[in-house]
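Line order of the protein sequences matches chains Z, D and A. Sequential numbering of the first sequence, starting at 1, is according to full-length UniProt numbering. Sequential numbering of the second sequence, starting at 1, is according to full-length UniProt numbering. Sequential numbering of the third sequence, starting at 1, is according to full-length UniProt numbering.
The hints are simulated quantities; they were obtained by calculation from the structure and are not laboratory data. Please note that a few of the clues may not be correct.
Said to hold, decoys possible - Just so you have them, the derived chain D footprint on chain A, three or more residues with Cβ under 8 Å:
{"no.": "1", "region": "72-86"}
{"no.": "2", "region": "159-172"}
{"no.": "3", "region": "218-232"}
{"no.": "4", "region": "271-280"}
On a predicted model such as this, the values are computed, not experimentally measured, just so you know. A virtual CB, placed ideally from N, CA and C, is assigned to each residue, including glycine.
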Amino acid sequence: MIWEVFRQEKTGQYHTHCGNVHAPDREMAKQFAAIQHGRRKPTNSLWVVPRDEVGEIDAEDVAFGGTTDKAYRWATTYKTTGEDAREVVESEDEQATAERQRGDD
Amino acid sequence: MDLDTVKDRAGPREFSPADDLPEEYRKAATRMIEFHANSEIMGAYLERPFIRQAPSIDRKLACSAKVQDEIGHGQLLYRAAESLGVKTREEMLDDLANGDGKFLNCFHYEMTDWVETPMIAFFVDGAAMRRQATLRRTSWEPYAHAMDKVCFEEGFHVKHGEDILRELMSGSKKEQELTQAAFEEWWPRIIQFFGPTDDKSTHHDFAASVGLKQQSNDQLRNAFLDQYIPKARSYGLEIPDEPRIRELDDGTYEVEEGDLDWDEFFTIAKNDYEPGVGQINGRKAAQEAVQWVRDTIESDATAAGGHAPQAAD
Amino acid sequence: MATSLENPDELDERERRALETLLKRLADDEFVLAERYTEWQVRAPTLESDLALANNAQDELGHARLWYDVLGDIGFEERELVYERDPADFRHSTLVERPFEDGDWADAVLRSYLYDAAEEIRLESLVDSTHPKIADRVGKIRSEEAYHLEHAQNWLERLADGDEGHERLQDALDRLFPYAFTLFEPVDPDVEEDIVDLGLRDATLEEMGEEWLSIVVPYLESLDLELPADGRVGDGTDEFEFEVTEEMLPEERGRDGTHTDAWFDLYDEFTRTYRELGRTETTRIMDKPE
Numbered sequence: 001m002i003w004e005v006f007r008q009e010k011t012g013q014y015h016t017h018c019g020n021v022h023a024p025d026r027e028m029a030k031q032f033a034a035i036q037h038g039r040r041k042p043t044n045s046l047w048v049v050p051r052d053e054v055g056e057i058d059a060e061d062v063a064f065g066g067t068t069d070k071a072y073r074w075a076t077t078y079k080t081t082g083e084d085a086r087e088v089v090e091s092e093d094e095q096a097t098a099e100r101q102r103g104d105d
Numbered sequence: 001m002d003l004d005t006v007k008d009r010a011g012p013r014e015f016s017p018a019d020d021l022p023e024e025y026r027k028a029a030t031r032m033i034e035f036h037a038n039s040e041i042m043g044a045y046l047e048r049p050f051i052r053q054a055p056s057i058d059r060k061l062a063c064s065a066k067v068q069d070e071i072g073h074g075q076l077l078y079r080a081a082e083s084l085g086v087k088t089r090e091e092m093l094d095d096l097a098n099g100d101g102k103f104l105n106c107f108h109y110e111m112t113d114w115v116e117t118p119m120i121a122f123f124v125d126g127a128a129m130r131r132q133a134t135l136r137r138t139s140w141e142p143y144a145h146a147m148d149k150v151c152f153e154e155g156f157h158v159k160h161g162e163d164i165l166r167e168l169m170s171g172s173k174k175e176q177e178l179t180q181a182a183f184e185e186w187w188p189r190i191i192q193f194f195g196p197t198d199d200k201s202t203h204h205d206f207a208a209s210v211g212l213k214q215q216s217n218d219q220l221r222n223a224f225l226d227q228y229i230p231k232a233r234s235y236g237l238e239i240p241d242e243p244r245i246r247e248l249d250d251g252t253y254e255v256e257e258g259d260l261d262w263d264e265f266f267t268i269a270k271n272d273y274e275p276g277v278g279q280i281n282g283r284k285a286a287q288e289a290v291q292w293v294r295d296t297i298e299s300d301a302t303a304a305g306g307h308a309p310q311a312a313d
Numbered sequence: 001m002a003t004s005l006e007n008p009d010e011l012d013e014r015e016r017r018a019l020e021t022l023l024k025r026l027a028d029d030e031f032v033l034a035e036r037y038t039e040w041q042v043r044a045p046t047l048e049s050d051l052a053l054a055n056n057a058q059d060e061l062g063h064a065r066l067w068y069d070v071l072g073d074i075g076f077e078e079r080e081l082v083y084e085r086d087p088a089d090f091r092h093s094t095l096v097e098r099p100f101e102d103g104d105w106a107d108a109v110l111r112s113y114l115y116d117a118a119e120e121i122r123l124e125s126l127v128d129s130t131h132p133k134i135a136d137r138v139g140k141i142r143s144e145e146a147y148h149l150e151h152a153q154n155w156l157e158r159l160a161d162g163d164e165g166h167e168r169l170q171d172a173l174d175r176l177f178p179y180a181f182t183l184f185e186p187v188d189p190d191v192e193e194d195i196v197d198l199g200l201r202d203a204t205l206e207e208m209g210e211e212w213l214s215i216v217v218p219y220l221e222s223l224d225l226e227l228p229a230d231g232r233v234g235d236g237t238d239e240f241e242f243e244v245t246e247e248m249l250p251e252e253r254g255r256d257g258t259h260t261d262a263w264f265d266l267y268d269e270f271t272r273t274y275r276e277l278g279r280t281e282t283t284r285i286m287d288k289p290e
């Protein structure tokens, strides 16, 4: 049985996928993962998930975020005046980054 | 983990579902996150009619996307609350329907006209963003993670709300007057968003001591006023005379608490305020009307669950 | 092969009317369907399904926006097309204007299926449109519609599996099917002929209707649903003919300007702010579509 492994480096961070292991059950999967994926990189926690339980939908199945113009859902579309609150500026910056990564810009 | 250890360790994103946390912490966190989640749902409920009433296609799209986001925030927050192991999402949504779930004061009022939309989308959401930004450092990691995504999305809501305000205040005289009237009606409620002053707040001390809450009501209210009073003025809105707000020498504000209607606030807090009751019941009716669908898909899920790999344990 | 109708200034009266009629059919269907879908926001069965339907509503509205924009090339503005237009001049099928009963999710997903199956056929027939802007926009729209169709089918299959769901689906089908036929009704038979002759669309309404029947009838039957009319040529065949008789159609067809009362109420609601604030133009947030 194959188990997908997700690693969290430090308390409070996200668990991100880092690899997988063969193991007969969850207990063994955790033990194997601790060595295979936690022995060198900083690790606070690992999750193991049976691979068969992972569903996938990819960019061939669906156009993530749509194909027509969705500019209305981005803060960067709105031209307002004056200084914005710090948290609004941060949000807008994060959105601008996401838009660039999507290639919308 | 005992409570003293929790208080000692209570840093940002410190605790996760892997930790064995005392009941006091889990209950306080559940109450706080459930309130937040309920507020997303009831805010969306209030704004939904304005998807239809938006005066252009682009505005309609933005309003639909905003209401969609609020429901999405509810989804994230109920999950963060659920992960404390105190209540399931279904229990929280049922409590909201039954009038036992609490939510933000502003969403107990009626909203009937388009000119009111920026009162929520700009001011209330602006206030919410102030608070949410601080909650990215809350001690319950799933809550902080939910806040990452909420804060990422919410900037659009505030900017769109501001854009509607800008348009109304640069529109016809009638639009400007109606908007000013709406502002006067909503302003005291918006100030009350942050609750009573710190010395009157009941839950703050514990929530702060275990790192759930990062800033006090007074700090948040000050930061909000500091940013949004100039914004309101810049669009030509006049700040109402009441509640009296004094700007102090250190740049902070002091709101004359006696000018605000706290009886109404606490009636609302008990879910006894009439328009709010109607809104709770309206959502309840909608939730009940589709119970049959949930029953249908849940019985499917139970059946499918029988085939899930059991080797795991 | 008909010639390109690219330049709006060079269109004669007949070409202009055909283009306008085709676009109004497209845009009005999407706009009104979206308007109805948004009623499910904050009312869908679960939070996740709420998000998904809101997505579809925004997609449809975005498509309406693209088609209304093409109408802009022949002189129409959004305010005239939506907010100041006589409600009796809207050309959408009455399928999309029908109100939802509270909690009738079966109606929502069945309506979506009936519509999206027809929409796929219609979009396919526009791929080589002689109006280049129409042909250009079809691709983007189709890729979003694919999700809608799958979404509807996923739900139909799950609902049809339960007793209550099945009963509600049958009930919705009995009610909606006559209205669905109006998807293929003419605005004006002569103009409809022109639309095909000019190559704006390469299939007639009857051809599209027939293809639609050949897809939706077997599929709905596979869910153990009974069709009020199936268009089969002889028993047990898989050949279909789109012969719609007067009895099969509802009184209000939409395309010809006849609408159910629910439409006029809906129109009053979505034009309310525009009217009450005395607006004379509609706000644009996004750039004009490319």
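The hints, checked one at a time:
no.: 1; hint: 72-86; result: holds (count 3)
no.: 2; hint: 159-172; result: holds (count 6)
no.: 3; hint: 218-232; result: violated (count 0)
no.: 4; hint: 271-280; result: holds (count 7)
The structure shown violates just one earlier hint, number 3.
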